[in-house]
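Colleague: In order, the protein sequences belong to chains A and B.
For what it's worth, my numbering labels the leading residue of the first sequence as 2, then goes sequentially.
For what it's worth, my numbering labels the leading residue of the second sequence as 352, then goes sequentially.
Treat the hints with caution; some may be incorrect.
Chain B stretches covered by chain A per the calculated footprint, using a threshold of three residues with CB under 8 Å from any CB of chain A [unchecked claim]:
hint	stretch
1	362-373
2	376-388
Cβ-to-Cβ under 8 Å is the rule here; a few derived chain B residues that face chain A [claimed, not checked]:
hint	residue
3	Gly438
4	Pro460
5	Leu463
Derived Cβ-Cβ restraints for the label pairs, each shown as a range [to be verified]:
hint	chain 1	residue 1	chain 2	residue 2	range
6	B	Ile449	A	Glu418	48 to 54 Å
7	B	Val443	A	Glu334	25 to 31 Å
8	A	Phe518	B	Gly369	48 to 54 Å
9	A	Gly378	B	Gly369	23 to 29 Å
Bear in mind the hints are in silico, worked out from the structure with no lab data behind them.
Just so you know, even glycine gets a beta-carbon here, dropped at the ideal spot from N, CA and C.
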Amino acid sequence: MTKALPPEALKNNETLLRTRAFAIIGVSILPMLLISALILYQFHRSYQEKAYAHLGTIVKKHKLNIDCFLGEKSGDIRFLARTFSFEELSDESFLQDRLETLQQEFDNAFVDLGVVNGQGVQVAYSGPFKLGRAVYADADWFRQAMTRKFVVSDVFLGLRGLPHFIVAVRDNTSGQDWVLRSTIDFVKFNNLVESIRIGKTGFAFILNRDGELQTTLPRNVHLESVPYRDFLEQHQADPDPDRVYIAQREDKEGNDFLYVGMFLKDGDWLLVYRQTTSDAFADFHRAVRVTLAILLLGMIAVISTSFAVSRRTAYRFAEVDMERQLMNEQIVETGKLASVGELAAGIAHEINNPVAIMVEEAGWIEDLLEEEEFQEGENLEEFHRALTQIRTQGLRCKEITHKLLSFARKTESRVKEFQINDVLQELVDLSEQRAKYGKVTIETSFQEDLPLIQASETEIQQVLLNVINNAIDAMEKEGGNLFLRSRLVDSNVIVDVIDTGPGIPKSNLGRIFDPFFTTKPVGKGTGLGLSICYGIVKKMGGDILVESRVGSGTTFHIVLPLPEENEEDASTES
Amino acid sequence: MQNEAAPIRLLLVDDEAGFVQVLEKRMGKRNIQVTSATSGTQAIQVLRRNDFDVAVLDLKMEDMDGIEVLKVFQKMAPEMPVIMLTGHGSAVAAEEGIALGACDYLTKPCSLEELVERVREAAARKG
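Chain A with its partners taken away, still in its complex shape (with noise of 0.2 Å):
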């Protein structure tokens, strides 16, 4: 049966249950927001610091890279100059050699050699440029070469205007002081130093304390917008060449960066690294993007999930208390189709009397007419008619009363065993008047012998009579047949209620059991009948099945199964 649950009854649930929902929605969701956001951000703490490290690491091992070619070259360089003489050296031809040798063994990273005297005049060269006897008495590694022992330069653009740094080394173990000096491939420096790319956007750039650069950018990245002046401020005085330093900064158009620096060169160069945080946090913020989207997703699911169970189990409300209303009236009808029988018994026992009296009155007449003084009178034959019609009527009087007590009397709805076939006789009994009002007529073939079903009779009774009396009903204006038949078919008992009635259209036909449905007018009927007859027939493990046709007619089957022994019965009766 397919229950149908007007709309008024859901919506009273339903915002109820709606404060419900939020109220579930709120405790489920604060706390994952919560766990979520602490989570976060203790992730992005530890995160954070774990990137820096592994930058930290990577550019401190790229400076040591560096310092160690730095150290390489001028330890080379300082090598030659402790190991030959100045005069020696000033030889050109020897310088070249020695040059020759540094190429094939450092790859060609020496470009040149040059010997310079205390004046600061080059008195031999050797090299691809054309530096003959150049001057380097003004030049500032030369000064730097003079006061200190060596000296790695700066970048700068020498008499050529190529880039490059020089090497230079200051020796006098002949008594006079004397340049060695070297220039340094820049393109390979460069080169090293650029090698560095982590990510996407890394790479490395070294300036020197004043804040020119010493290697090359990459081309779509100015110098100005690189906050190494904070740097150099702020360490100026005192760098510590094993110290990373990290800072975050955005740029002028908002991008935000990561800068890890560190000083080289004993101080004299900074060598700097770029990232965009970004990319840096590349990892980071990729886990971070799927914990949102789960995030969402699990609220969604929350949301969503708590919405339908709500709705739900505001619709299971809704069930149930339709449930207990169909009860609560079904126990009402039940309560006056009870009172209704007592009355009805009532009132059928009270006239018992008055009309015993009537009858016995009529008697009396008749035993006085006995007398003598009667038997000549003209109307005496009159007389004995009508009295007689009298006692006619009056026994009439008694069968109608003794039906209707005969019926009213099964009060008990225990169950037990009974012939349906008494029933039905009873019910046609009872219905007799009625349908010859409705110009019914009443046939009947019950099957002889049929085996007795186990049931409350009562409830049987209320079934077969609702029925018949719907039969009777839908014929009232036309009149017609009603046919009443009982059969037995394997180990059921089968009543047929068939009726020549207007028939039940095809789009009514599915809900006749549902409750409260009715096609009959406001006051008559309460649509509960089929719909309780259903309920006791289903529940004996019976069934009860229409057919009908508009225009032909209906038909009911109502199956009552046999109690268990009987079945045996049937089985070798047929």
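Based on the hints, put chain B in the right spot on chain A.
Modeller: For chain B alone, kept in the frame of chain A given last:
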């Protein structure tokens, strides 16, 4: 009618006055002398002062339960056969009465002929 034999003395107990009155008259014509009572208490009073051959007792009366009256009759006049009149459907009560010693029962409404026949039978059995 027949006046040869002595009339049967009948105690008729029923709370329906009209019924009792007409029965009294009709039975009178059939050689049954009826004394009527319209309540249990009245019946017991009457029985105290008189003897009867047969009693006809309505089971359902207002003042006393018919069975109670029957018990009193048994005590007061154990020889007197009692015929019970029961309403439709009180077969159970009727059987109870039989078990207690009533000799017969009839269902109301009953025909006079039937009642007279049963009364005569009961009186014959007693005698």
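Colleague: None of the hints should be skipped; say for each whether it holds.
Modeller: For each hint, the structure was consulted:
Remark: the stretch 362-373 of chain B is confirmed as covered by chain A, as 4 of its residues place a Cβ nearer than 8 Å to a Cβ of that chain, reaching the required three. Given as covered by chain A, the stretch 376-388 of chain B passes the check, having 3 residues with a CB less than 8 Å from a CB of that chain where 3 are the minimum. Using the Cβ-Cβ criterion of 8 Å, the hint placing B/Gly438 at the interface with chain A is satisfied: the shortest such distance is roughly 6 Å. Interface restraint check: B/Pro460 against chain A, minimum CB-CB distance 4 Å, threshold 8 Å, status holds.
The criterion of a C-beta within 8 Å of any C-beta in chain A is met by B/Leu463, whose closest approach is roughly 6 Å, and the hint holds. Separated by about 26 Å at the C-beta atoms, B/Ile449 and A/Glu418 break the suggested range of 48 to 54 Å. For B/Val443 and A/Glu334, the hinted distance range of 25 to 31 Å is satisfied, since their beta carbons lie about 29 Å from each other. At roughly 51 Å, the beta carbons of A/Phe518 and B/Gly369 sit within the given window of 48 to 54 Å.
A hinted range of 23 to 29 Å holds for the C-beta pair A/Gly378 and B/Gly369, which are about 27 Å apart.
Violated hints amount to a single one, hint 6; each of the other numbered hints is respected by the structure.
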